[in-house]
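As given, the protein sequences belong to chains A and B, one line each in that order.
Counting in the working numbering, the first sequence runs from 1 upward without gaps.
Counting in the working numbering, the second sequence runs from 163 upward without gaps.
Calculated directly from the structure, the hints in this document are not laboratory data.
Treat each hint with caution, since some may be false.
Sample of chain A residues lacking proximity to chain B, with all beta carbon distances greater than 10 Å (derived) [stated by the list, open to error]: (1) Asp11; (2) Arg14; (3) Trp15; (4) Ile17; (5) Ala20; (6) Thr49; (7) Pro61; (8) Leu77; (9) Lys78; (10) Ala100; (11) Asn112; (12) Asp120; (13) Asp142; (14) Ala153; (15) Val155; (16) Gln157.
FRET-style restraints, in silico, Cβ to Cβ [said to hold, decoys possible]: (17) Lys5/A to Met163/B: 23 to 29 Å; (18) Tyr475/B to Ser25/A: 36 to 42 Å; (19) Leu161/A to Thr695/B: 42 to 48 Å; (20) Arg82/A to Gln647/B: 38 to 44 Å; (21) Leu165/B to Ala100/A: 55 to 61 Å; (22) Ser575/B to Leu161/A: 47 to 53 Å; (23) Asp584/B to Arg82/A: 51 to 57 Å; (24) Glu103/A to Lys579/B: 36 to 42 Å; (25) Lys64/A to Gly556/B: 54 to 60 Å; (26) Pro267/B to Ser25/A: 49 to 55 Å; (27) Lys64/A to Gln647/B: 38 to 44 Å.
Ideal Cβ positions, reconstructed from N, Cα and C, are used throughout, including at glycine.
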Amino acid sequence: MQQSKPTPPNDDKRWKIINATMRRSGYAEHALIEALHSVQDAFGYLDETSLRFVAESLDLPASKVFGVATFYHLFTLKPKGRHTCVVCTGTACYIKGAGALIEGIEQRFAVNPGETTPDDRLSVLTARCVGACGLAPAVVLDRDVIGKQDADALVEQLARLE
Amino acid sequence: MHLDDMTERAEQYRAEKAHIAHELRVCMAASCQSSGAKEVHDALVEAARGHGDCEVKGVGCMGLCSAGPLVSVAPTAAASDDAVLYRDVGPGDSGDIVASVGAAPVDRLRCPTDQPFFARQQKIVLANAGVVDPDSFKGYVAVGGYFALLQALTEMTPAEVLQEVNTSGLRGRGGGGYPTGLKWSTVAKMPGGQKYVICNADEGDPGAFMDRAILESDPHRVIEGMAIAAYAVGANKGYVYVRAEYPLAVERIQKAIRKAKRAGFMGHHIADTEFSFDVELRLGAGAFVCGEETALMASIEGLRGQPRPRPPYPAQSGLWGHPTLINNVETFANIAPIIRNGGEWFAGIGTEGSKGTKVFALAGAIHNTGLIEVPMGTTLRDIIEVIGGGIPGGKSFKAVQTGGPSGGCLPASQLDKPVDYDSLRELGTIMGSGGMIVMDESSSMVDVARYFMEFCMSESCGKCVPCRTGTQQMHDLLDKIAKAQATDAELALLEQLCEVVQATSLCGLGQTAPNPVLSTLRYFREEYETRLTAGPARATWR
Numbered sequence: 001m002q003q004s005k006p007t008p009p010n011d012d013k014r015w016k017i018i019n020a021t022m023r024r025s026g027y028a029e030h031a032l033i034e035a036l037h038s039v040q041d042a043f044g045y046l047d048e049t050s051l052r053f054v055a056e057s058l059d060l061p062a063s064k065v066f067g068v069a070t071f072y073h074l075f076t077l078k079p080k081g082r083h084t085c086v087v088c089t090g091t092a093c094y095i096k097g098a099g100a101l102i103e104g105i106e107q108r109f110a111v112n113p114g115e116t117t118p119d120d121r122l123s124v125l126t127a128r129c130v131g132a133c134g135l136a137p138a139v140v141l142d143r144d145v146i147g148k149q150d151a152d153a154l155v156e157q158l159a160r161l162e
Numbered sequence: 163m164h165l166d167d168m169t170e171r172a173e174q175y176r177a178e179k180a181h182i183a184h185e186l187r188v189c190m191a192a193s194c195q196s197s198g199a200k201e202v203h204d205a206l207v208e209a210a211r212g213h214g215d216c217e218v219k220g221v222g223c224m225g226l227c228s229a230g231p232l233v234s235v236a237p238t239a240a241a242s243d244d245a246v247l248y249r250d251v252g253p254g255d256s257g258d259i260v261a262s263v264g265a266a267p268v269d270r271l272r273c274p275t276d277q278p279f280f281a282r283q284q285k286i287v288l289a290n291a292g293v294v295d296p297d298s299f300k301g302y303v304a305v306g307g308y309f310a311l312l313q314a315l316t317e318m319t320p321a322e323v324l325q326e327v328n329t330s331g332l333r334g335r336g337g338g339g340y341p342t343g344l345k346w347s348t349v350a351k352m353p354g355g356q357k358y359v360i361c362n363a364d365e366g367d368p369g370a371f372m373d374r375a376i377l378e379s380d381p382h383r384v385i386e387g388m389a390i391a392a393y394a395v396g397a398n399k400g401y402v403y404v405r406a407e408y409p410l411a412v413e414r415i416q417k418a419i420r421k422a423k424r425a426g427f428m429g430h431h432i433a434d435t436e437f438s439f440d441v442e443l444r445l446g447a448g449a450f451v452c453g454e455e456t457a458l459m460a461s462i463e464g465l466r467g468q469p470r471p472r473p474p475y476p477a478q479s480g481l482w483g484h485p486t487l488i489n490n491v492e493t494f495a496n497i498a499p500i501i502r503n504g505g506e507w508f509a510g511i512g513t514e515g516s517k518g519t520k521v522f523a524l525a526g527a528i529h530n531t532g533l534i535e536v537p538m539g540t541t542l543r544d545i546i547e548v549i550g551g552g553i554p555g556g557k558s559f560k561a562v563q564t565g566g567p568s569g570g571c572l573p574a575s576q577l578d579k580p581v582d583y584d585s586l587r588e589l590g591t592i593m594g595s596g597g598m599i600v601m602d603e604s605s606s607m608v609d610v611a612r613y614f615m616e617f618c619m620s621e622s623c624g625k626c627v628p629c630r631t632g633t634q635q636m637h638d639l640l641d642k643i644a645k646a647q648a649t650d651a652e653l654a655l656l657e658q659l660c661e662v663v664q665a666t667s668l669c670g671l672g673q674t675a676p677n678p679v680l681s682t683l684r685y686f687r688e689e690y691e692t693r694l695t696a697g698p699a700r701a702t703w704r
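The shape of chain A in the complex, shown without the other chains (with noise of 0.2 Å):
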């Protein structure tokens, strides 16, 4: 017998693609990776909130979706800010100097990677290989891959930003 689902935390429309992507595997415990994808996609981050919902509904504890939610890179538990600029750290980046792209990005905006301004403008992140080797140093500006930057000119190009 199927217990009954909890429902969703309020009444945003989101909840309702969530909810799908677990339907579609049965509401089954391997599904938890999928449905943070899901969260994550919908909302951006994790909060608990989402992350309560998701183990009631799939039947887990809530220590176990805490634990996979934290060991995956991928997932994140705070709120992103408007853009997010993901410097590839790979080794081809790696000796073309994506260590310059970090420092220029940290010393304009005073922020590390894995921190959000605090106009929540700009989130820095790091990856660990885009795959985009051959455009080294790449970086990730709000799913566009751009190549072969510079400090200066990629800082100037946050800059201007929203």
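Since chain A is already given, all that's left is putting chain B on it; use the hints.
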């Protein structure tokens, strides 16, 4: 379905395109897309309007990523060798390119294809990359796709398929180099019941993008290989575990699975045979350790990606305790050609111990950055100096790094060694999945070792102590050496730690984490020693 029907189908698909004399192929893989390939594609479509005999086609990776966006103009009637390749194309060039079709090529954009970068390659895995539209099922069938699967299902027993793969001598392309036929046989020998086939597309080595390019360029080839494997080992369910960092690859493989299902080449009763095989996609979530097979399976089960001790091997007890075959993307991409041309054909390429070709991602301080496929046994010098075009900026070669964080750095003195599993292992590095990063004189080897150790330290899953704390301690020691604050005794301690972590870690991540340190110590020891602070113990090193 009969094999003849398949041939007929392929002919029919080709006939549908018979009116097209020239294809304008635009590379739509991730690298060219980020250089503006989409805009080029759209501009070409606009410019080619009214030219009924021209077709603008989005294709996969053509290899020379640093010169993107790449466009090739190919007469459909002739072999693709006659294609004209253009580099650094912009949307504004579209008019000139369309006007040049069937006439003289546009010289200012031309990228010669007789240069060694193209001429010295031998393409098996990448044969369709840059030629077929990755999103087109018909396009794949038109070049002989799914023929091997049907051939296996209708004319071969599972044992015969295993035999061909065994004969081919194919070894796992993910890095370990375990004989593929042997792995398949182990799963096949397990008693019947639920079995799984997993494609490991969690390409985590920084500086490696072979699998991404294969998935983006020829996704059907990968799932065809998986289906053949499933038939051979008796599995009916498969998973492709792919990195979420590769959105384009995810999209294309998903589309390929859906289209293959609709055409009856995936799912229930494939091509009207008794064989059923269903594939699902699972997204990684950014954990390098999930490239390790037991960690990958844990992740598919929705758990933290932490490895477990082996044995039991996945072949005996894998996903949810069932026998599971795990191969990587490139391994599966080799299967269809092996079935079509026979294992003997494949075994005729490469070296004694390493058969076939290998795809490498060339990056770093090298002229031709991009993707290449060469026969096993090609020398490092050929790859770097001839195919790669050497080091730019008048600088000199210092080292080449293979195998990512599990591999090592080789100096100029080893450049004439052939690239195959066994030679590289003897030299203190590994083939790995195929990332090859070239460094010039400006790179410090201690820094490189520290970089990789920082990687392993933060990617360690934390389950076993040697890896969790060992990588941390090694990183701190390397940091001290890099900052010229370490003594001889600390270098000795570092070496000792390397041995301990190598010998006692639970999984490949920890066992191979010391490799970058050991190989740089082996070939570039003086770089470490010159950074040590003078101390009384110094003399004991000489």
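Tested hints:
With a closest Cβ-Cβ approach of about 28 Å to chain B, Asp11/A is found to remain outside the 10 Å limit, as its non-interface label requires. Once the 10 Å rule is applied to beta carbons, Arg14/A is consistent with being away from chain B; the minimum gap is 18 Å. Every C-beta of chain B lies more than 10 Å from that of Trp15/A, the closest at about 20 Å, which supports listing it as non-interface. Against chain B, the non-interface label of Ile17/A holds: every CB pair exceeds 10 Å, the least being about 15 Å.
Every CB of chain B is more than 10 Å from the CB of Ala20/A (nearest about 16 Å), matching its label as outside the interface. At roughly 20 Å from the closest C-beta of chain B, the C-beta of Thr49/A stays outside 10 Å, upholding its exclusion from the interface. Taking the minimum C-beta to C-beta distance to chain B, about 13 Å, the non-interface status of Pro61/A holds against the 10 Å cut. No beta-carbon of chain B comes within 10 Å of the beta-carbon of Leu77/A; the shortest separation is about 13 Å.
At the 10 Å boundary, the C-beta of Lys78/A stays outside the reach of chain B, the nearest C-beta of that chain being 15 Å off. Consistency note on Ala100/A: stated as away from chain B, and its beta-carbon is indeed over 10 Å from all of that chain's, at 13 Å minimum. With a least beta-carbon separation of about 15 Å from chain B, Asn112/A lies farther than 10 Å from that chain, consistent with its non-interface assignment. Remark: the non-interface label on Asp120/A is consistent with the geometry, its nearest Cβ contact in chain B lying 23 Å away (cut-off 10 Å).
Interface exclusion of Asp142/A from chain B stands, the closest Cβ pair being 13 Å apart, more than 10 Å. Non-interface call for Ala153/A relative to chain B: holds, since the shortest CB-CB distance, roughly 15 Å, exceeds 10 Å. With a cut of 10 Å on Cβ distances, Val155/A stays outside the contact zone with chain B, its closest approach being about 19 Å. Against chain B, the non-interface label of Gln157/A holds: every CB pair exceeds 10 Å, the least being about 14 Å.
Checked against the hint of 23 to 29 Å, the pair Lys5/A and Met163/B fails, with Cβ atoms roughly 42 Å apart. Restraint check, Tyr475/B to Ser25/A: a C-beta distance of roughly 27 Å breaks the suggested window 36 to 42 Å. Distance hint check: the CB atoms of Leu161/A and Thr695/B are about 45 Å apart, consistent with the given range 42 to 48 Å. Distance hint for Arg82/A and Gln647/B: a CB-CB separation of about 42 Å, consistent with the stated range 38 to 44 Å.
Distance hint check: the CB atoms of Leu165/B and Ala100/A are about 58 Å apart, consistent with the given range 55 to 61 Å. Range check, Ser575/B to Leu161/A: about 48 Å between beta-carbon atoms, so the 47 to 53 Å window is met. Checked against the given bound of 51 to 57 Å, the beta carbons of Asp584/B and Arg82/A, roughly 53 Å apart, stay inside it. Remark: the range hint 36 to 42 Å for Glu103/A to Lys579/B is upheld by a beta-carbon distance near 37 Å.
Range check, Lys64/A to Gly556/B: about 56 Å between beta-carbon atoms, so the 54 to 60 Å window is met. In this structure, Pro267/B and Ser25/A meet the distance hint of 49 to 55 Å, their C-beta atoms being roughly 52 Å apart. Between Lys64/A and Gln647/B the C-beta distance comes to about 42 Å, which sits within the given range of 38 to 44 Å.
In terms of the numbered hints stated before, the structure departs from hints 17 and 18, listed from lowest to highest.
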